[in-house]
Amino acid sequence: MPMDTSTELFVKNLAENNGPAFHELPVDKCREVYKELVSQLSGELADIGEIRELSIPGENSEIKIRVYSPKKTTKNMPAVAYFHGGGWVIGDLDTHDPVCRRLSAKSDCLFFSVEYRLAPENKYPSGIDDCITATQWIHDNATELGVDSKRIGVAGDSAGGNMAAVVAQELKNIVSYQLLMCPAVDLSDKSYPSREEYGQGEYLLSMKDMLWFGGHLSDDLEQLLEPKASPISNNNLSGLPPALTVTAGCDPLCDEGKAYADKLSEAGVDSEYKCYEGTIHNFYQFPLALETALEGLDFMAAKLKERL
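Take the numbering used here: the final residue in the sequence shown is number 565, and no numbers are missing along the way.
Don't take every hint at face value.
What the hints assert, rightly or not - Ranges of calculated distance between the beta carbons of each label pair, as one might list FRET restraints: (1) Pro484 to Lys515: 15 to 23 Å; (2) Glu453 to Pro283: 24 to 32 Å; (3) Lys465 to Thr331: 42 to 50 Å; (4) Leu551 to Glu529: 16 to 24 Å; (5) Asp351 to Asn274: 16 to 24 Å.
I should point out that these hints are in silico values taken from the structure, not numbers from a laboratory.
Being a predicted model, the structure only gives us computed values, none of them experimental.
For each residue, glycine too, the CB sits at the ideal point set by N, CA and C.
My request is simple: use the sequences and hints to build the entire structure.
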């Protein structure tokens with residue numbers, strides 16, 4: 258698949274700088290490198306009404322949540338629980354602050370960005386349990402938060418897209434909509450064409466990186482085949498909320514995202530699919546480098562506004 262001009266230049270610059278791949282770095286250094294990459298390429302921050310942080314009770318510790326309010330607020334607003342990407346190992350509230358700002362501002366939704374526990378310090382299912390707890394808490398405290406309890410969506414990118422899909426399965430009576438952004442929904446070693454073509458390391462994310470992330474997430478990789486880790490393995494998807502799955506054509510995760518969107522449709526779920534053909538994994542995090550970044554974010558925000 259041909260890359261668009263900006264993506265081709267971005268990939269070329271990555272190769273020329275010969276930076277280490279995620280899987281070649283110690284965890285702490287990998288977190289630093291990822292944060293720096295996003296910081297350099299996020300561009301201008303979207304104008305937002307208010308940002309505040311709160312903590313809620315978790316399983317063994319407090320869960321921090323960053324709340325984004327658009328400029329115009331009402332008493333009963335639609336809300337989105339957002340789960341950041343980074344392979345369950347890297348990424349945090351700050352790496353995904355620009356994405357949450359723009360999605361909240363453009364969708365007129367309250368955004369609740371969840372700081373779930375990361376691996377390897379906290380193995381599976383610690384992180385996903387935090388995401389489930391946080392979403393349930395938003396629903397249970399909707400009135401106090403100014404949230405319409407019947408309009409609560411979930412969203413996330415990459416590993417966070419995985420978590421959004423799982424939360425939608427676990428809390429399908431609470432979740433009204435799911436936005437899955439370049440989601441990692443299949444942690445098996447199944448052969449997908451996009452994994453073979455784009456997973457060798459030239460396109461930011463590699464399958465070696467994915468294996469590295471999975472190895473940190475769990476000491477027992479068989480665990481990661483169950484629906485709570487690989488949501489595509491759930492064979493009963495009926496009754497799930499409407500979904501939008503967004504992928505990138507030059508992403509090793511592209512085909513599994515499409516396969517999950519198709520499986521939702523086959524189960525009778527209102528499932529929409531959009532692929533940005535000529536770009537790479539998590540393209541929407543790099544507006545200064547990739548021409549489709551803001552276009553993609555604004556498309557997703559418009560869908561949230563329409564559906565919630």
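Hints versus structure:
1. Pro484 to Lys515: 15 to 23 Å: 19 Å, holds
2. Glu453 to Pro283: 24 to 32 Å: Taking Cβ atoms as reference, Glu453 and Pro283 lie about 28 Å apart, which means the hint holds.
3. Lys465 to Thr331: 42 to 50 Å: Since the Cβ atoms of Lys465 and Thr331 sit about 47 Å apart, the hinted range of 42 to 50 Å holds.
4. Leu551 to Glu529: 16 to 24 Å: 20 Å, holds
5. Asp351 to Asn274: 16 to 24 Å: At roughly 23 Å between Cβ atoms, Asn274 and Asp351 fall inside 16 to 24 Å, so the hint holds.
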